[in-house]
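Student: So the chains spell out like this:
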Amino acid sequence: KAGVTQTPRYLIKTRGQQVTLSCSPISGHRSVSWYQQTPGQGLQFLFEYFSETQRNKGNFPGRFSGRQFSNSRSEMNVSTLELGDSALYLCASSQLAGGDTGELFFGEGSRLTVL
Amino acid sequence: DQQVKQNSPSLSVQEGRISILNCDYTNSMFDYFLWYKKYPAEGPTFLISISSIKDKNEDGRFTVFLNKSAKHLSLHIVPSQPGDSAVYFCAASAGGGTSYGKLTFGQGTILTVHP
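If you read the sequences in order, they're chains A and B. Mapping the first sequence onto my numbering, position 36 (from 1) lands on 36, and the numbers just tick up by one. Mapping the second sequence onto my numbering, position 30 (from 1) lands on 145, and the numbers just tick up by one.
Treat the hints with caution; some may be incorrect.
To be verified - Which residues of chain B face chain A? A partial, calculated answer using Cβ under 8 Å: (1) Gln-118; (2) Lys-120; (3) Gln-129; (4) Ile-133; (5) Tyr-154; (6) Glu-157; (7) Gly-158; (8) Pro-159; (9) Phe-161; (10) Phe-180; (11) Gly-216; (12) Gly-223.
Said to hold, decoys possible - Straight-line Cα separation of at most 30 Å, DSBU-like style, residue types lysine-lysine; simulated pairs: (13) B/Lys-186 <-> B/Lys-171; (14) A/Lys-13 <-> B/Lys-183; (15) A/Lys-13 <-> A/Lys-57; (16) B/Lys-183 <-> B/Lys-120; (17) A/Lys-13 <-> B/Lys-171; (18) B/Lys-183 <-> B/Lys-169; (19) A/Lys-57 <-> B/Lys-169; (20) B/Lys-120 <-> B/Lys-171; (21) B/Lys-171 <-> B/Lys-183; (22) A/Lys-13 <-> B/Lys-186; (23) B/Lys-183 <-> A/Lys-57; (24) B/Lys-171 <-> B/Lys-153; (25) A/Lys-13 <-> B/Lys-169; (26) B/Lys-120 <-> B/Lys-186; (27) B/Lys-153 <-> B/Lys-183; (28) B/Lys-186 <-> B/Lys-153; (29) B/Lys-153 <-> B/Lys-120; (30) B/Lys-169 <-> B/Lys-186.
Source of the hints: derived by calculation from the structure; they are not laboratory data. All values reported here derive from a predicted model rather than from experimental measurement. The C-beta atom is built at its ideal place from N, Cα and C for all residues, glycine as well.
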């Protein structure tokens, strides 16, 4: 069974640009969450989608957005990039709609560098 | 506001001995706790979890203890192996279906197991 796939793995952008990251969850998983990992702030929750609907959102500015498609694949977009957006962006998927096991399966992440 | 805290940035242990990683939380709404392990250039992988209705959960070499009154949990690894060397994250969830994808992570503890 394929794991969570994130593309691209690495990318470099300049300030002011926008970026789109993609995540393909494990087959059968309907929930997709996004996290930002930085050395200073650690792993922080961005948002979570289930059946194409955003159910939860973290404390990030509106420049961070996402969506989920009918096949559960998800994208996140960051507009007007700032230097502080440089981070590892992790996508995680889960099978259950509820909180039975709490287990999220993470992808390897997309490393974004903003120059 | 750090709701989940791992106060030890690093821990060094001899192979075969016990590793104890600690985690404190402040949010009384958290009712599900997880430990994740992360190697460089990989996404976090789930290790073990515990519900707030329990005070101990064991899985092979890994045991998690929860002290709700102290808002403290710990992960014990016995015996420790060099392959356990990684960053360990404590995470918590407020539970329920809509909160399922949202985990609050600690800053992580780097565990080094020496042969």
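Student: Keeping to a limit of 30 Å between CA atoms, is the pair of A/Lys-13 and A/Lys-57 held or broken?
Tutor: Measuring from Cα to Cα gives roughly 25 Å; hence the hint holds.
Student: Is the Cα-Cα distance between B/Lys-186 and B/Lys-153 30 Å or less?
Tutor: The given pair, whose Cα atoms are some 24 Å apart, holds under the 30 Å limit.
Student: Does the structure keep A/Lys-57 and B/Lys-169 at a Cα separation of 30 Å or less?
Tutor: OK: A/Lys-57 and B/Lys-169 at ~29 Å, within 30 Å.
Student: Under 8 Å is the threshold here; is the Cβ of B/Pro-159 close enough to any Cβ of chain A for the hint to stand?
Tutor: Holds: closest Cβ of chain A sits about 5 Å from B/Pro-159, inside 8 Å.
Student: Please work out if B/Lys-153 and B/Lys-120 have their alpha carbons no farther apart than 30 Å.
Tutor: Given that 30 Å is the threshold and the Cα spacing comes to 17 Å, the pair holds.
Student: Run the distance test for A/Lys-13 versus B/Lys-169: straight-line Cα separation, threshold 30 Å.
Tutor: Not OK: A/Lys-13 and B/Lys-169 at ~47 Å, beyond 30 Å, violated.
Student: Under 8 Å is the threshold here; is the Cβ of B/Gly-223 close enough to any Cβ of chain A for the hint to stand?
Tutor: holds (6 Å)
Student: Per the CB criterion, is B/Gly-216 less than 8 Å away from chain A?
Tutor: holds (3 Å)
Student: Taking only the CA atoms, is the gap from B/Lys-183 to A/Lys-57 under or equal to 30 Å?
Tutor: holds (27 Å)
Student: Does the structure keep B/Lys-120 and B/Lys-171 at a Cα separation of 30 Å or less?
Tutor: Holds, at roughly 20 Å.
Student: Would you check whether B/Glu-157 satisfies its interface hint, that is, whether its CB is within less than 8 Å of any CB in chain A?
Tutor: holds (6 Å)
Student: Is the hinted pair B/Lys-183 and B/Lys-169 satisfied, with a Cα-Cα distance of at most 30 Å?
Tutor: The hint holds at about 9 Å.
Hint violations for this structure: numbers 1, 2, 3, 4, 5, 10, 14, 17, 22, 25, all remaining hints satisfied.
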